[in-house]
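Those protein sequences? They're chains P and S, same order as listed. Take 1 as the starting number for the first sequence in UniProt numbering and just add one per residue. Take 1 as the starting number for the second sequence in UniProt numbering and just add one per residue.
Incorrect hints may have been included.
In silico DMTMM-like pairs for lysine to aspartate or glutamate, Cα to Cα no more than 20 Å straight-line [unchecked claim]:
#1 21(P) <-> 123(P)
#2 20(P) <-> 20(S)
#3 114(S) <-> 88(S)
#4 72(P) <-> 53(P)
#5 21(P) <-> 20(S)
#6 174(S) <-> 153(S)
Computed, partial: chain S to chain P, Cβ under 10 Å [what the hints assert, rightly or not]:
#7 23
#8 30
#9 60
Listed below are several chain P residues computed to face chain S (Cβ distance under 10 Å; list not exhaustive) [said to hold, decoys possible]:
#10 69
#11 117
#12 118
To be clear, the hints were calculated from the coordinates, so they are not data collected in a lab. Don't be surprised by glycine CBs; every beta carbon is placed ideally from N, CA and C.
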Amino acid sequence: MSSVVPSHNILRREYIELSKKPRERFSVGLVDESNLLEWKVVIFGPPDTLYEDAILDARLSFPPEFPLLPPKMRFITPMWHPNIYNNGEQKGEVCISILHPPGDDQFGYEDAGERWLPVHSVESILLSVISLLSADNPNTDSPANVDAAKEVRTDLRGYKRKVRAIISAE
Amino acid sequence: MNDVETGVLSAYDDVYSYVESVNSNLICCICRTPFVEPTSAKTCSHTFCLRCIYQALEITSQCPVDRSPLTADDLQPAGSIVRNLVDELMVECPCKPSGCTHTCQRQHLASHLKSDCLFVQVSCCEDNCEQLLLKKDIRKHSDGCVHRTVTCEACDDSVKFIDLESHQGECPAKEITCVHCSSTFPRSSLQSHNSTCTLMPIPCPHSTFGCAWVGTRGTLTEAHLATCVYESLKGFITLHSAKIDALESENLALRHRVEELEKTSGSMKRDISIAKASLGPWFRSAGSGLPPAAAPAVPATRQERRRSRVVPLNGVMSNFADDVHPLRNSDEVQGHLDSNLVNPAPAAQFQPPNPMYMDQSSSLGDPAQQPAFFPASTHPYADRYNTSVAPINFNVSLEGSLSSLHSSMIALEGTMNSMERRQDIMLTTETLRMREEVGSLRAIVHGLRMQVHHVMMDRNAQIISTSSVSTGAGNSSGVPRQQQEAVVQGVERSSVMHYHDIQPQRPHPPPLPGRGGGPSFPPSSIFRRSVFLENKL
């Protein structure tokens, strides 16, 4: 029975656990019942933030090596945020350091200490993303969306207006 | 949440199912389950499952908890307390879905599954039976398994149950009834019965020759054979069929031989064509012997002339002077060969080197009339050219002949060079001698002129004295001085012109200058030569 991919056991356990005890801030499901590597995630906009009352649709894609390698998270809902890609093939992908593979200093401006660790769980990933969205003043040091980062630095009020407009349009 | 536990999520895996919730200190932070083979890092004391930490270190060499540098060498089995705690955790049997309610310590689960658990899936022990069964049901199954081995009651053979029915149709011990004579016997003796059954219909033994009779075996000898026409011809037919068989086998053997011969001749043809191609102009078919004695007269006479010129000049060369003349015709070659070979080979074996001669011979046609081989004694030119040929041996290969021709060429070149040198020397000598003779002649002429002048002066003096006696004055004769001198000169010239007339009276021939290496001639011959030269000049 060792042929079972290790990621399947842990993902199955985490999925069962999250399904049995629904969390307050998000809920999870499978895109395809036969594939444990693709998750549907719905994030409820944290109160007292720009995203209050918003319902954000996202996907989590796990590699077969999980938890040794990090998953990728991508928003389906249109987002305007310095750390979320807004165009190209990567549109909607969340760019935070804990989702970057360990050891791979791809961008050169990240501390290796901030990257992925096998001890992270789906819940810890989602909580990190929620706290990213909750931040009043987003981090613009290594932006995925350069335009959004520029707007945050130059016109924070305009940025907030734009985010609200996108959220309410959805 | 029932849908979660069915489908892909309920698939069996090697994860233990723990009866009670486990202390979180015993949980691996990578796989989130209690440690399996707990392994600790020596450096930071974090503990993981053995498999989890090895896989994590393959990705990155750091502790998954605190990122401190970590390699496989830094790992050691966790302390015995930790190992005992996880080993003694109570787990459920993984066969619980099949009905096993057994729970035991984790360390005993493997032995339970191996020997005790009746709900483990096992496969039927019979060959070909691929059914998976719970261990408790295996006994019940094997009693009724269609693949079980049973014994045939009739023949005592072991037969699979599923094959029993088809075995009945072929069991050798089963009694069967003959369809012709209705007697019963075991199937194994069917063959022998068929050959003896008197009621079995059989064709006439001569059916192959055309007898159409078919009847029971019993009536064959009694009723049919007495009347069968083929029976009377039996001896004849047997004899002929034996003969035909022998002929057929012989025919077959002959066909094989013909095939072999064809193969051989084909390969020989190929070889010959290859040889022809490589020989090129050296090849000629066996019938067309050597070219006839078509030695052109011109080269022969030229040769003679040449030799007459050459021989007096250099006796040294005469040894090989003849050899350097290359192959004036192939008859010469033949003659040469005759003198060299103890056993002259037939002419057909020789290949003339020059394609020109091939053309000659082919244009002459009818090689039978053409004596292909001239013995040296009967050869028309044998006297003249007894050894005058390049040392070519046609028995050796083309390369050998070419190399001998080449050496002949080299010898010829050497001869030419030496001849040239000799010619030069001769010319130089002759020229020197000529020059000397001209010089001596000039001296002689000068002496004569002086003598004539002396005579003329005497005569002049006489005339002058007589005229002065008669006229009394130098110029009274009326002959101008110049005229007198001209007269003197004319006398002188005429005396030169008729030198040979006065020559015998010449008292002292002028001394000849010394000759170098030239031949010495008697004075008379010198005079003759000088006259000859003078006339020529």
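Cross-check of the supplied hints:
1. Pair hint residue 21(P) plus residue 123(P) holds up; C-alpha atoms about 12 Å apart against a cutoff of 20 Å.
2. For the hint linking residue 20(P) to residue 20(S), the alpha-carbon distance of about 17 Å falls within 20 Å, and the restraint holds.
3. For the hint linking residue 114(S) to residue 88(S), the alpha-carbon distance of about 19 Å falls within 20 Å, and the restraint holds.
4. For the given pair, residue 72(P) sits about 25 Å from residue 53(P) by alpha-carbon distance, which is inconsistent with the 20 Å threshold.
5. Distance hint between residue 21(P) and residue 20(S) is fulfilled; the C-alpha atoms sit about 18 Å from each other, no more than 20 Å.
6. Between the alpha carbons of residue 174(S) and residue 153(S) the distance comes to roughly 10 Å, so the proposed pair stays at or under 20 Å and holds.
7. At about 17 Å, the closest approach between the beta carbon of residue 23(S) and any beta carbon in chain P exceeds 10 Å, and the interface hint on this residue is violated.
8. Using the Cβ-Cβ criterion of 10 Å, the hint placing residue 30(S) at the interface with chain P is satisfied: the shortest such distance is roughly 5 Å.
9. Annotation: interface hint on residue 60(S) holds; nearest CB of chain P at approximately 4 Å, less than 10 Å.
10. Hint status for residue 69(P): holds, given a least beta-carbon distance of 6 Å to chain S, under 10 Å.
11. Nearest Cβ of chain S to the Cβ of residue 117(P): about 5 Å, under the 10 Å cut. The hint holds.
12. The restraint placing residue 118(P) at the interface with chain S holds, with a minimum CB-CB distance near 4 Å, inside the 10 Å limit.
In this structure, the earlier hints numbered 4, 7 are contradicted, and the remaining ones agree with it.
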